[in-house]
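Q: Note that the protein sequences, when read in sequence, are chains A and B. FYI, the numbering for the first sequence is 1 to 342, going by this note's numbering. FYI, the numbering for the second sequence is 1 to 496, going by this note's numbering.
Hints were generated in silico from the structure; no laboratory data involved. Please note: incorrect hints may appear among the correct ones.
As the list claims (entries may be wrong) - If you want a taste of the chain A side facing chain B, the calculated C-beta under 8 Å gives, among others:
no.	residue
1	S18
2	R213
3	G229
Claimed, not checked - According to the in silico footprint, chain A covers these stretches of chain B (three or more CB under 8 Å from chain A):
no.	segment
4	140-149
5	269-279
6	316-329
Unchecked claim - Over 12 Å on every C-beta distance to chain B, these chain A residues come out as not near it, computed from the model:
no.	residue
7	K208
8	N221
9	E223
Backbone N, C-alpha and C define an ideal beta-carbon position, used for all residues, glycine too.
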Amino acid sequence: MSVETKQVRTNMVGRSMSNESFISLFMVGVLVILFGVACALVPNFYLPQNIINLITNSWFVIILGIGVTFLLITGNFDMSVGGVIALTGVLSVYFCQGANVSQNVLANGLGLPYGVAVALALVCAMGIGAINAFFVARLKVPSIIVTLATMMLARGIAQIVTRGAQRNTSLPDVFGVLGNVSIPGTSIKISVLIMIFLVVVAFIFEKKTVSGRRTYLIGANAEAARLSGIKVGRHLTFLYLTSALLAGITGILLASEFKAGVSNRAMGYEFDALVIALLGGVSIAGGFGSVLGMFVGAIILSVVTTAATGLLLSPDWQFTLKGIVTFIAILAQRFALDRRKG
Amino acid sequence: MKLTDNVLEIRELVKDFPGVRAVNNVSFDIKRNTVHCLVGENGAGKSTLIKILTGASLRTGGKVLLNGEEYWAHNPKEAKQKGISTLFQELNVVDQLTVEENLTLGMEDTTFGFLRKTDKINAMVSVMNSLEPSISPRQLVSTLSVAKKQIVEIAKAVASESDIIIMDEPTAAISESEIARLFKIIKGLREKNVTVIYISHRLDEIFELGDYVTVMRDGKHIDTKPVSAIHDRSELIKMMIGKTVFEEYTPKEGECKDAILQVKNLSNHKLNDISFDVHEGEIVGFYGLVGAGKTELARAIYGVDDYEGEIIFKGRKLQPAPDKAIAAGIALVPEERRSQGLFTILTIRGNVPVMNMKKVSRSGFINAAQERNVTLEYIDTLRIATNSTEKEASKLSGGNQQKVVFAKCLFADANLLMLDEPTRGIDVGAKSEIYGIIRRLSEEGKSIMIFSSELPEVVNICDTIYLLYDGSMKATMRNGCDIDSEKIIHIVTGGE
Numbered sequence: 001m002s003v004e005t006k007q008v009r010t011n012m013v014g015r016s017m018s019n020e021s022f023i024s025l026f027m028v029g030v031l032v033i034l035f036g037v038a039c040a041l042v043p044n045f046y047l048p049q050n051i052i053n054l055i056t057n058s059w060f061v062i063i064l065g066i067g068v069t070f071l072l073i074t075g076n077f078d079m080s081v082g083g084v085i086a087l088t089g090v091l092s093v094y095f096c097q098g099a100n101v102s103q104n105v106l107a108n109g110l111g112l113p114y115g116v117a118v119a120l121a122l123v124c125a126m127g128i129g130a131i132n133a134f135f136v137a138r139l140k141v142p143s144i145i146v147t148l149a150t151m152m153l154a155r156g157i158a159q160i161v162t163r164g165a166q167r168n169t170s171l172p173d174v175f176g177v178l179g180n181v182s183i184p185g186t187s188i189k190i191s192v193l194i195m196i197f198l199v200v201v202a203f204i205f206e207k208k209t210v211s212g213r214r215t216y217l218i219g220a221n222a223e224a225a226r227l228s229g230i231k232v233g234r235h236l237t238f239l240y241l242t243s244a245l246l247a248g249i250t251g252i253l254l255a256s257e258f259k260a261g262v263s264n265r266a267m268g269y270e271f272d273a274l275v276i277a278l279l280g281g282v283s284i285a286g287g288f289g290s291v292l293g294m295f296v297g298a299i300i301l302s303v304v305t306t307a308a309t310g311l312l313l314s315p316d317w318q319f320t321l322k323g324i325v326t327f328i329a330i331l332a333q334r335f336a337l338d339r340r341k342g
Numbered sequence: 001m002k003l004t005d006n007v008l009e010i011r012e013l014v015k016d017f018p019g020v021r022a023v024n025n026v027s028f029d030i031k032r033n034t035v036h037c038l039v040g041e042n043g044a045g046k047s048t049l050i051k052i053l054t055g056a057s058l059r060t061g062g063k064v065l066l067n068g069e070e071y072w073a074h075n076p077k078e079a080k081q082k083g084i085s086t087l088f089q090e091l092n093v094v095d096q097l098t099v100e101e102n103l104t105l106g107m108e109d110t111t112f113g114f115l116r117k118t119d120k121i122n123a124m125v126s127v128m129n130s131l132e133p134s135i136s137p138r139q140l141v142s143t144l145s146v147a148k149k150q151i152v153e154i155a156k157a158v159a160s161e162s163d164i165i166i167m168d169e170p171t172a173a174i175s176e177s178e179i180a181r182l183f184k185i186i187k188g189l190r191e192k193n194v195t196v197i198y199i200s201h202r203l204d205e206i207f208e209l210g211d212y213v214t215v216m217r218d219g220k221h222i223d224t225k226p227v228s229a230i231h232d233r234s235e236l237i238k239m240m241i242g243k244t245v246f247e248e249y250t251p252k253e254g255e256c257k258d259a260i261l262q263v264k265n266l267s268n269h270k271l272n273d274i275s276f277d278v279h280e281g282e283i284v285g286f287y288g289l290v291g292a293g294k295t296e297l298a299r300a301i302y303g304v305d306d307y308e309g310e311i312i313f314k315g316r317k318l319q320p321a322p323d324k325a326i327a328a329g330i331a332l333v334p335e336e337r338r339s340q341g342l343f344t345i346l347t348i349r350g351n352v353p354v355m356n357m358k359k360v361s362r363s364g365f366i367n368a369a370q371e372r373n374v375t376l377e378y379i380d381t382l383r384i385a386t387n388s389t390e391k392e393a394s395k396l397s398g399g400n401q402q403k404v405v406f407a408k409c410l411f412a413d414a415n416l417l418m419l420d421e422p423t424r425g426i427d428v429g430a431k432s433e434i435y436g437i438i439r440r441l442s443e444e445g446k447s448i449m450i451f452s453s454e455l456p457e458v459v460n461i462c463d464t465i466y467l468l469y470d471g472s473m474k475a476t477m478r479n480g481c482d483i484d485s486e487k488i489i490h491i492v493t494g495g496e
């Protein structure tokens, strides 16, 4: 090959920025601006400890966001994650509570060792994922319907097991370890480390693996994907199971942190997970988005809610504020993308 | 107003698309209260002409006079208001509503937003009754057969006092007995002061139904004649195809190689007992008109649609699933490029390796450099016009998009390529490039099946040609010896 053609070839690869990187950068820009505004308005907002808190306080939505993001990229919803957290948390407690130790029904469990209890609870979480996968991938029922149903199903079971309240007695000490131990000398908990680990894994999955690529192909054009030999149903099943497993892990960690299985834990988290994915530029039409974008989205949401608290706004304002920010951010995103295309 | 003898006069009508003149200086008249048939091969310009009349497409030049007055329609609704209704192949009825609601859809009378029963509804229902008494106005449209749905649409057009109803292949999807009923209704429309423009590939229908016939070819008007002045099908066929020149095909040398694909007694909802072999290095063409079953045949072999019968590939029974077909060595370039073949929102690099990710990955991890090199290789060999592997596929021209789909299938390392309408909607230059690619592949020993509704395409490059009509295999021809385009058209339009 001559030098000249080689030159052309490198030019061909030397690429312009993809829409995806563009949106991620755009949202980073939004984050920086919001952070600046918050620093100007809220005392001590700029302190390193506060910045660390912004990330560490959102560990659970970010873990949920991973599964929700990948499913959204395929063009499907997973609204069941909040319910799965409650279910797994409650079940891990129930499995672990001592058997026949008290007159109180809510104090009696199955008396299983902690490890077994956790494993079983995670299997149950994946059971919910399997139901989602069966109806969405096999029977082709719209995912929003299926996962709204399993969201209620999962929370419903949690309520039955806790009689609509919570289980928090006769638990071994080991139950409270996972959710409460921090890295010595810092406020960073194991949960946060798990979150960071999962984000890194998800990032590699998204960018580097064939399976990650399939996720985009299905979202971009499910029919073309099928005709190109991709087993669409199998891949969706994998993603629903993964999403349920991630929600299950979150449920275990939260139950451990509070040393309690609460039936209304994580109410509305499925919407938070959806919101951070959308804030991060994931397209609701599928085929577009990234885990890193979702991460940025989570921090944006965290900045807004923390700043609101810092401004001594009553917690009643949180929802309104979240709503307005989400709305504006997503409109800005669409606007920026259209301008870029035009 | 004195009504003219001609309901529609078309004068020097022209429609240009980039690089193509689809309708070229067409002039003819349509007489009032007749059934006027419009025939021509695919690409003859019929559809474009109809689109201009219905307002779906705007003309480049020329004049249309409706009842002696200048006619312009910018959309189908406007066309309807001016008196031209259309019965599209995709019917325009709402399944979830009743017949009566469908009839009045879009012209309901209301008082403060509430629906009002008026004489208009009764008038509509009585038209409906006079056409087909067996349809009840209270019936849900979803319970009607396709033919009866068509009748509902016809009734709607008649009742809204259309001068002209355009029917685009109304018999393509209905049964024999229903065709007879539909024809009776169409014939009766003359008395109701309605002119019918009838488009069909089934030539027998023209003789049965038509008063006049207009033949188009290559965008030009060939002739308009009373049907009674035409002797037989072959005269009509001659007018349709003219002197088509097939100069490009050169017969293959050497004897027949082994059969790579054997299809035995393949049947399903659309196909009827189809059997054939494809040999190594052979280019096989399947020619038939719209609805003949070409796409269905390709989909059945590829394992997308269910079938009965046996498909043997490389000596083994083929498992019916696309991933199995690809693994065995079959790749499909689907009919609909944008909705079935291409990932339009992804880059060229995102598209090319899709069917064989194994080749650009190791234990599940993608090798980005390899992926780029492969993409560059195909951009080179297929001459895809782009400045980057990272260009979004949606931003390429139709021909280049098709080349990307080709690249995708070639990368699958298939021994048998199935190409469904490989050059549809592609300009002439890209077309001949794609033919070149097909020939080269065949020389490399790959077998190729082409499913096409363009006769020159099939005759120019295929070694063997199979003719399909209504889901059945009607004839087999070796190219280079006994090719007679008149005979081919005769067979694929339903002649014996």
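Q: All hints are to be evaluated individually against the structure, with a verdict given for each.
A: Outcome of the hint check:
Because the smallest distance between the Cβ of A:S18 and any Cβ of chain B comes to about 7 Å, under 8 Å, the interface hint for this residue holds. For A:R213, the interface hint holds, since its Cβ comes within 8 Å of a Cβ in chain B; the closest pair sits about 6 Å apart. Hint on A:G229 holds. Least Cβ distance to chain B is approximately 4 Å, under the 8 Å limit. For the segment 140-149 of chain B, the stated coverage by chain A is not satisfied: 0 residues place a CB nearer than 8 Å to a CB of that chain, which falls below the threshold of 3.
Counting residues of the segment 269-279 of chain B whose CB lies closer than 8 Å to any CB of chain A gives 0, so the stated coverage by that chain is violated, three being the minimum. Counting residues of the segment 316-329 of chain B whose beta carbon lies closer than 8 Å to any beta carbon of chain A gives 5, which meets the minimum of three for the stated coverage. The beta carbon of A:K208 sits about 5 Å from the closest Cβ of chain B, which is not more than 12 Å, so the claim that it is off the interface is violated. With a least beta-carbon separation of about 5 Å from chain B, A:N221 fails to lie farther than 12 Å from that chain, contradicting its non-interface assignment.
Non-interface status of A:E223 relative to chain B is broken: a Cβ of that chain comes within 12 Å, the nearest being about 5 Å off.
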